[in-house]
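Number of protein chains: 2
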Amino acid sequence: MVGMETQLASTPDTASTSPAKRTGGRSALVLAAVRTAVEELIKERGPERVTVPMIAERAGVNPTSIYRRWGDLPTLINEIATYRLDPERPLPQSGDLRGDLTAWAREIIEHYSTAVNAALLRAGAATAGESESDCLRNRRAEATMFVARTPNPPVTADQVIDHLVAPIIYRVIFLPWSIDGTTADRLVAELFDRA
Amino acid sequence: MVGMETQLASTPDTASTSPAKRTGGRSALVLAAVRTAVEELIKERGPERVTVPMIAERAGVNPTSIYRRWGDLPTLINEIATYRLDPERPLPQSGDLRGDLTAWAREIIEHYSTAVNAALLRAGAATAGESESDCLRNRRAEATMFVARTPNPPVTADQVIDHLVAPIIYRVIFLPWSIDGTTADRLVAELFDRA
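Quick mapping for you: the protein sequence lines, in order, are chains A and B. For the first sequence, the residue numbers in UniProt numbering are 1 to 195. For the second sequence, the residue numbers in UniProt numbering are 1 to 195.
Bear in mind the hints are in silico, worked out from the structure with no lab data behind them. Just so we're clear, the structure is a prediction, and the values are computed from it rather than from any experiment. Backbone N, C-alpha and C define an ideal beta-carbon position, used for all residues, glycine too. Among the hints, a few may not be true.
Now the stretches of chain B that chain A is said to cover, found in silico as 3 or more residues with beta-carbon under 8 Å [stated by the list, open to error]: (1) 41–48; (2) 55–67; (3) 122–128; (4) 168–181.
Throw the hints in and build the complete structure from the sequences for me.
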């Protein structure tokens, strides 16, 4: 699981792929303060009750700086959410598709088992639908990679999305209390037993 | 598919099960005006940019009336959303579980193919997680009923939720452009071919 420290430490690398948002010195401090403020406020109040002025006050920055950098609150929340599961993290690579997908599903479930991550996912859902969120695009790229590197894969990437990622995300959003230590293994078994 | 007229016409019946919210005369008119205002504003601005004062202005009612009746915006949106797929509507009943689930999945997809219904679902997702939304509890009750009335069902109600409802809702929220006329049949085939 990616903790707060890891995310902050990895910020310069992640940001270096996006020159318009290069972060260094004061800018990196502002980003870290805003991210912490968003995460705390979402946890305390729920995503639908957080406003830009609240975030600015908590982070000790001017609201104008937030509007200038992110445009609006949905964009800000979506960008913060994309930092959560580092797309550069090492992925399971046992050589066995079923084993790798099980480890990967367990990691996603563990990631969303924290209240802040689940709240960020719900906030992202509210603003989704026009373009795929970076966060879910990364999961889809990972599913595609797992399947593509397997000779004669018994499942397609779309089936991994529909029968492994979708039920996890659905339960995280709507039925978080129904997820337990057996969920990842059960879903992978149901995905493969249909092949 | 449940249209606007059907929902409004069915309001007295639905409301009669909840005495605290009995509607008649002026109260029913206010409910209809507020519902229309919420739906229009969500469609125009996206769910995260709608406020109670905006809804009050559009509906021609005092914001205080809205706060008194619903408490806050998330509660209001969730209640409006629960009116969308009437739980009293007739369900497919061909005697064949696979056929019934296919017709049911097509109906859910058609329901969420309109922009307002999809936006209400996303707004509901943002406020979910503490208790199951009425809307999804109804779908779960329906899945349970389909399976329970089938002798020796090849799938469980949980599998219907994970492998049919979850991928539909996931795609409606995050990948609406990926849903087409083949989605319901494909997902049902994948659900049953694993049995």
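Now for the hints, and whether the structure bears them out:
1. 41–48: Held - the segment 41–48 of chain B has 3 residues with a Cβ nearer than 8 Å to chain A, which meets the minimum of three.
2. 55–67: Violated, because only 0 residues of the segment 55–67 of chain B bring their Cβ atoms closer than 8 Å to Cβ atoms of chain A.
3. 122–128: The restraint on the segment 122–128 of chain B holds, since 6 of its residues have a Cβ under 8 Å from chain A and three suffice.
4. 168–181: holds (count 7)
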